[in-house]
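Protein chains in written order, with my numbering: chain C, 1 to 171; chain X, 172 to 342.
These are computed hints drawn from the structure, not numbers from a lab.
Okay, derived cross-link-like pairs now, DSS-like style, lysine-lysine, Cα gap no bigger than 30 angstroms in a straight line:
(1) C/LYS3 <-> X/LYS326
(2) C/LYS155 <-> C/LYS132
(3) X/LYS281 <-> C/LYS110
(4) X/LYS273 <-> C/LYS55
One letter stands for each residue in the lines below.
2 protein chains.
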Amino acid sequence: MKKLLIDMDGVISDIYTQFIKYEQEDLGITQTAASLNGKLENEAFRNHDNYVTSKGFFFNAPPILESINVVRQLNDKYDLFIVSAAIQYPNSLQEKLDWLAKHFPFINWKQIVFCGSKSVVCGDIMIDDHFKNLDSFNGQTILFNQPHNFGKDAKLHTRAETWAEIAKILL
Amino acid sequence: MKKLLIDMDGVISDIYTQFIKYEQEDLGITQTAASLNGKLENEAFRNHDNYVTSKGFFFNAPPILESINVVRQLNDKYDLFIVSAAIQYPNSLQEKLDWLAKHFPFINWKQIVFCGSKSVVCGDIMIDDHFKNLDSFNGQTILFNQPHNFGKDAKLHTRAETWAEIAKILL
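Only chain C is shown next, with the shape it has when bound in the complex (with noise of 0.2 angstroms):
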């Protein structure tokens, strides 16, 4: 079976959701995919490192669209491994534990990890968000749409831009 890994923020987690929501409460600024397209979050949303700290941020995130009837078929055809760069933030570590029990029960400890640097984990294919993750990945890459990738070149990267799509290229 291939190793396949599968980031969470931006991936499976609407964390953009989120962030627009905090934000509209923070500071009533609501903002368009205009105005956060090409900028990295901390870069578009400028209370970033508030939200991300504040309790609830990361377990209170909706699922991506589609991703948990997906990552259900194939976590059956793949030894597939949720990898999420969580160690910077200590307080979303049991919230996405919490996330993953409440949306995706079929997913066993054993195929979670918390890292800093994603350049440690390895496998065949990586689906992520962020080039800096899928740039140093010796494998298959597919770049998940996201507001900050917006109408950046995915390079070597296959560029998807719905769970749909990862379904055909994947299963």
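Please build the complex by placing chain X on the supplied structure of chain C, with the hints as guidance.
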């Protein structure tokens, strides 16, 4: 720089001292090398699962002799990661971060990996006390002496009894 992966429990964190202490307090039993050798931790300590899920078990473990001094020097020479199969015990995650911050403050968050299975981490050298982690690792492997691996054939791994021996091999 070569990537060096170092395990926590039984390699830098002296959890045997914790197990023995907890069992003394819990059951009034004081185990010796003879009663521990060759048995996995959950075979040697009958209330193992209660201990590892107790608040403070991981945070209060003493560092293994000389580990801090040698890891500090290795940190200058290698691309070093602390890799712990910690996801099985979610309560251990924050304690392990706090323990590292206390005893190994020179290790930054980018160097920490908490996983379920170590089959998804890769690098050039792995130091671990468990065969299950070393056997599938595609690189140089050092088996750190612990009662559970005592007397077993080290196979293709280099056995190290102390951190001074690791220093001789890697520094």
